[in-house]
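Participant: Listed here are the chains, written in short residue letters.
Number of protein chains: 2
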Amino acid sequence: MRTRFQQGLDELRARLLRMGGLAEQAVDRACQAYIDRDLARCHAVLENESQINVTEREIDELAFDLLAMQQPMATDLRFILAVTKINSDLERVGDQAVNIAERVMDMVELPKAELPVDIARMAAAVSAMVRRALESFIEGKAELAQAVLEMDNVVDRMRDDAFITLVKTMNERPAVTQQALDALLIARNLERVADHATNIAEDVIFWVRGADVRHNVALETPVDQAITDTH
Amino acid sequence: MRTRFQQGLDELRARLLRMGGLAEQAVDRACQAYIDRDLARCHAVLENESQINVTEREIDELAFDLLAMQQPMATDLRFILAVTKINSDLERVGDQAVNIAERVMDMVELPKAELPVDIARMAAAVSAMVRRALESFIEGKAELAQAVLEMDNVVDRMRDDAFITLVKTMNERPAVTQQALDALLIARNLERVADHATNIAEDVIFWVRGADVRHNVALETPVDQAITDTH
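Chains A and B, in that order, give the protein sequences. Under this note's numbering, the first residue of the first sequence is numbered 1, with each subsequent residue one higher. Under this note's numbering, the first residue of the second sequence is numbered 1, with each subsequent residue one higher.
Source of the hints: derived by calculation from the structure; they are not laboratory data. Given the structure is predicted, the values throughout are model-derived calculations rather than measurements. By construction, the Cβ of each residue, glycine as well, lies at the ideal position given by its N, Cα and C atoms. Certain hints may be false.
Taking lysine-lysine pairs in the BS3-like style, the calculated list, with each CA pair at most 25 angstroms apart, reads [unchecked claim]:
{"#": "1", "chain 1": "B", "residue 1": "Lys-112", "chain 2": "A", "residue 2": "Lys-168"}
{"#": "2", "chain 1": "A", "residue 1": "Lys-112", "chain 2": "B", "residue 2": "Lys-168"}
{"#": "3", "chain 1": "B", "residue 1": "Lys-168", "chain 2": "B", "residue 2": "Lys-112"}
{"#": "4", "chain 1": "A", "residue 1": "Lys-168", "chain 2": "A", "residue 2": "Lys-112"}
The following residues of chain A were derived to be distant from chain B, with all beta-carbon distances above 10 angstroms [claimed, not checked]:
{"#": "5", "residue": "Ala-74"}
{"#": "6", "residue": "Leu-115"}
{"#": "7", "residue": "Gly-140"}
{"#": "8", "residue": "Glu-150"}
{"#": "9", "residue": "Gln-178"}
Stretches of chain B that chain A covers, calculated by requiring three or more beta carbons in the stretch to come under 8 angstroms of a beta carbon on chain A [said to hold, decoys possible]:
{"#": "10", "segment": "11–19"}
{"#": "11", "segment": "82–93"}
{"#": "12", "segment": "153–161"}
Whenever a hint applies, use it, and build me the whole structure from the sequences.
Facilitator: So this is what it looks like as structure tokens:
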């Protein structure tokens, strides 16, 4: 039978996954809005931001309650702290989606311009990073997290390429400077989403390895505490 | 006499202040490097990044140790969790300083261009936000934090103005597109520093008010725990 504390940890994990789902959905919607020049999807991203913010606060509150409920073991403590950090990163992934949606809303008001940048490809790479970073956390696997760090280099290269070609576009076709700048800023927002995925992966590595290194911390727990410890 | 736990909290506060000092210094240096086209200062920012990253990890470790050491009271728990969040934001302020330094390094290779943007003024506003956000945390004053949120609107307006004038520059003087883009991205990086200051201020409000709202949580602490609680 699982204790109330363990049920709380399960709930925390489930909520973080929901938060991850909301953040991923926001990025996917914003990028789809770019591809389809779709204002309705932009508005959906803006409207869902408050849901993401509320979920962030709820997760923090639950983490707080779990820490206040009883003296967690070292592994559980690291898990809870990792959740609060990943939670912040996911909220900021949501912010980036809002930034992208705002850029798309700007672009839709301007004449459509063919731009030498593959936002869809970059978005796919970035979404995969967020998804895998969350997987690495849920499975507690540092090696999965390591793979996310390597993907970050690929996204950085895409961003660099986008910068070079779009600055060239601005120089050669001043009439589409604004559109090219919007696309450039969207590429930058996507790179930042990738950075958040990287932060999540780094936290996973830190906490997983930390938990390994400090495997014997529980032995230092005072005996009276250990006796009442039910998990 | 202060307990070991209380000494730990003091140390945590002191380290976070040091972290704040490092992050602020990095932003100030990067902006001074912009003004003076000073490569040496850019390199100093890049070199200090690892110091910031190490300090971030040390603060997280100390926070972890304090949480593992004993069952903190609700107020202390909120304080410790706020420290870990603010810590992350300060580390990212440092990242933004690195981004600014990289842009400056790009600009220094290009011919100097007069640009219609007052980066020094924006930098001063942003630095003030970071400083006040930290003050609001150290003093635990939600009203100081509230003032930081209001300053964010001013910085957002500066960023919007910079965007409008710099895009106009790109259109009218294609020869300085790259320099104008660098300045635009620096304005954006500064806006992001302001966002981090805002995050810090929001965390202060949330934790301070939360601590108020939950003022009686300690009463729910099991009696045997309360008896051994020395802080």
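Participant: Can you list which hints this structure breaks, lowest number first?
Facilitator: 5, 9, 10 and 12
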